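Trainee: From the two separate chains plus the hints, produce the assembled complex.
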Amino acid sequence: AQKITQTQPGMFVQEKEAVTLDCTYDTSDQSYGLFWYKQPSSGEMIFLIYQGSYDEQNATEGRYSLNFQKARKSANLVISASQLGDSAMYFCAMRELGRGSTLGRLYFGRGTQLTVWP
Amino acid sequence: NAGVTQTPKFQVLKTGQSMTLQCAQDMNHNSMYWYRQDPGMGLRLIYYSASEGTTDKGEVPNGYNVSRLNKREFSLRLESAAPSQTSVYFCASSAQGQPNTEAFFGQGTRLTVV
Numbered sequence: 001a002q003k004i005t006q007t008q009p010g011m012f013v014q015e016k017e018a019v020t021l022d023c024t025y026d027t028s029d030q031s032y033g034l035f036w037y038k039q040p041s042s043g044e045m046i047f048l049i050y051q052g053s054y055d056e057q058n059a060t061e062g063r064y065s066l067n068f069q070k071a072r073k074s075a076n077l078v079i080s081a082s083q084l085g086d087s088a089m090y091f092c093a094m095r096e097l098g099r100g101s102t103l104g105r106l107y108f109g110r111g112t113q114l115t116v117w118p
Numbered sequence: 001n002a003g004v005t006q007t008p009k010f011q012v013l014k015t016g017q018s019m020t021l022q023c024a025q026d027m028n029h030n031s032m033y034w035y036r037q038d039p040g041m042g043l044r045l046i047y048y049s050a051s052e053g054t055t056d057k058g059e060v061p062n063g064y065n066v067s068r069l070n071k072r073e074f075s076l077r078l079e080s081a082a083p084s085q086t087s088v089y090f091c092a093s094s095a096q097g098q099p100n101t102e103a104f105f106g107q108g109t110r111l112t113v114v
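Residue numbers (my numbering), protein chains in the order written: chain A, 1 to 118; chain B, 1 to 114.
Among the hints, erroneous ones may be present.
[Claimed, not checked] List of simulated lysine to aspartate or glutamate pairs, DMTMM-like, C-alpha gap at most 20 Å:
| no. | chain 1 | residue 1 | chain 2 | residue 2 |
| --- | --- | --- | --- | --- |
| 1 | A | Lys70 | A | Asp86 |
| 2 | A | Lys3 | B | Glu73 |
| 3 | A | Lys3 | B | Asp38 |
| 4 | A | Lys3 | A | Asp26 |
| 5 | A | Lys3 | A | Asp22 |
| 6 | B | Lys14 | B | Asp26 |
| 7 | B | Lys71 | B | Glu52 |
| 8 | A | Lys73 | A | Glu15 |
| 9 | A | Lys3 | A | Asp29 |
| 10 | B | Lys9 | A | Glu44 |
| 11 | A | Lys73 | A | Glu44 |
| 12 | A | Lys3 | B | Asp56 |
| 13 | A | Lys70 | A | Glu56 |
| 14 | A | Lys70 | A | Asp29 |
| 15 | A | Lys3 | B | Glu52 |
Keep in mind that the hints were calculated from the coordinates and are not lab data. Predicted model, so just to flag it, every value in this text is computed and none were measured.
With the rest of the complex left out, here is chain B (with noise of 0.2 Å):
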């Protein structure tokens, strides 16, 4: 029972490189979201995806990248990393969104840009 897999759990970056965050989830749901969490500013959403093929901006979109591969997979991709990108990365997911639906969160990615 998988749920949420969130990958890499810790990464360091150096400025300017890039990489990607993977998210997949089997619980067969529509909509998946990308947040980013910083110190007293709870969490805010990056980018949204209300089913595969759609995509939507966030809060905070500005250095990040999405693609939804598919149902299952939605990943982030940061194509020069930044120290304000430093920051816990969670992905979650939740069935077509009603009200009603709570989402699922992944454990969470701990990045760090030096």
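Only chain A is shown next, with the shape it has when bound in the complex (with noise of 0.2 Å):
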């Protein structure tokens, strides 16, 4: 089974609207950590946003938000007010404390191609 899902390939959203990529993921363990991760067309993998599984709060940096729900074991990642520049794609991970030599693994999804239009 899939540890992280993210269900949309594809996004589309107007310059400085908001928009909500799905994210949702798979584990028994307590203790868990939740990011999010950008992609420009250049490749390089930037580290956008984090969030414990122990956090009541959902995380916020800046533009972005994860709105975590625990029970249902999402956490979607919101931008607000849309940028051009936010086109990219963006990748949910999940790393649990894990056992031994799965210590610290981190799981990836398939990633949700975001295309921003003017």
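Mentor: Shown next, in the form of structure tokens:
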């Protein structure tokens, strides 16, 4: 079973609008972390935001916020006031606490290609 | 402030050739990773090293070997390259694999096997 599921291969949003990128995860660990990365067309992986499983508040970083619904095992990324430069591939990832050799493994979803149009 | 350095950035191999992708990090991280990225597949873990001296297979280890040479360096070797190994390869590192530590990525290696 996939650890991270991103069901939206592509999303389109108009400049200055908000957009939500979906992510669901699968784990039986109590302690885990959820991450979002951005990959522009240049190819580098850029860390955006982190949410810990014990954090009660949703994480925010500037225009990025993470809508964390623990019971539903979802960790959606919300980008407010979209900009043309937000056009990129976005990956959701999870790290479980793990055991032994699986300690700290980082699992990625398949990504969502976001296109921002003027 | 180098972070994670991967070499080479681009490589073309003929089927059956071997090569080693090099990765080094200067952040004193314990955990290091090799991923491959293919269109529509996201990043898939090839091998993982939780600390110096330990390595573990990921989702797609077949056709690859790794060496955690020391704390800084984690290399990926293709012994006999196949066209199916055409991909973009990323090395990453993170602090001791606690859930709240982000991974830092190298710039990637674009490998084509013909």
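Trainee: For each hint, tell me whether it holds in the structure or not.
Mentor: Hints, one by one, checked against the model:
1. A:Lys70 - A:Asp86: 27 Å, violated
2. A:Lys3 - B:Glu73: The given pair, whose Cα atoms are some 28 Å apart, is violated under the 20 Å limit.
3. A:Lys3 - B:Asp38: This hinted pair holds, its Cα atoms lying about 18 Å apart.
4. A:Lys3 - A:Asp26: 5 Å, holds
5. A:Lys3 - A:Asp22: OK: A:Lys3 and A:Asp22 at ~14 Å, within 20 Å.
6. B:Lys14 - B:Asp26: Between B:Lys14 and B:Asp26 the Cα gap is close to 32 Å, so the pair fails against 20 Å, i.e. violated.
7. B:Lys71 - B:Glu52: Within the cut-off at roughly 5 Å; holds.
8. A:Lys73 - A:Glu15: 29 Å, violated
9. A:Lys3 - A:Asp29: 12 Å, holds
10. B:Lys9 - A:Glu44: Within the cut-off at roughly 12 Å; holds.
11. A:Lys73 - A:Glu44: 28 Å, violated
12. A:Lys3 - B:Asp56: The given pair, whose Cα atoms are some 18 Å apart, holds under the 20 Å limit.
13. A:Lys70 - A:Glu56: With Cα atoms ~10 Å apart, A:Lys70 and A:Glu56 stay inside 20 Å; holds.
14. A:Lys70 - A:Asp29: 12 Å, holds
15. A:Lys3 - B:Glu52: 26 Å, violated
Of the numbered hints stated above, those contradicted by the structure are hints 1, 2, 6, 8, 11, 15, listed in ascending order.
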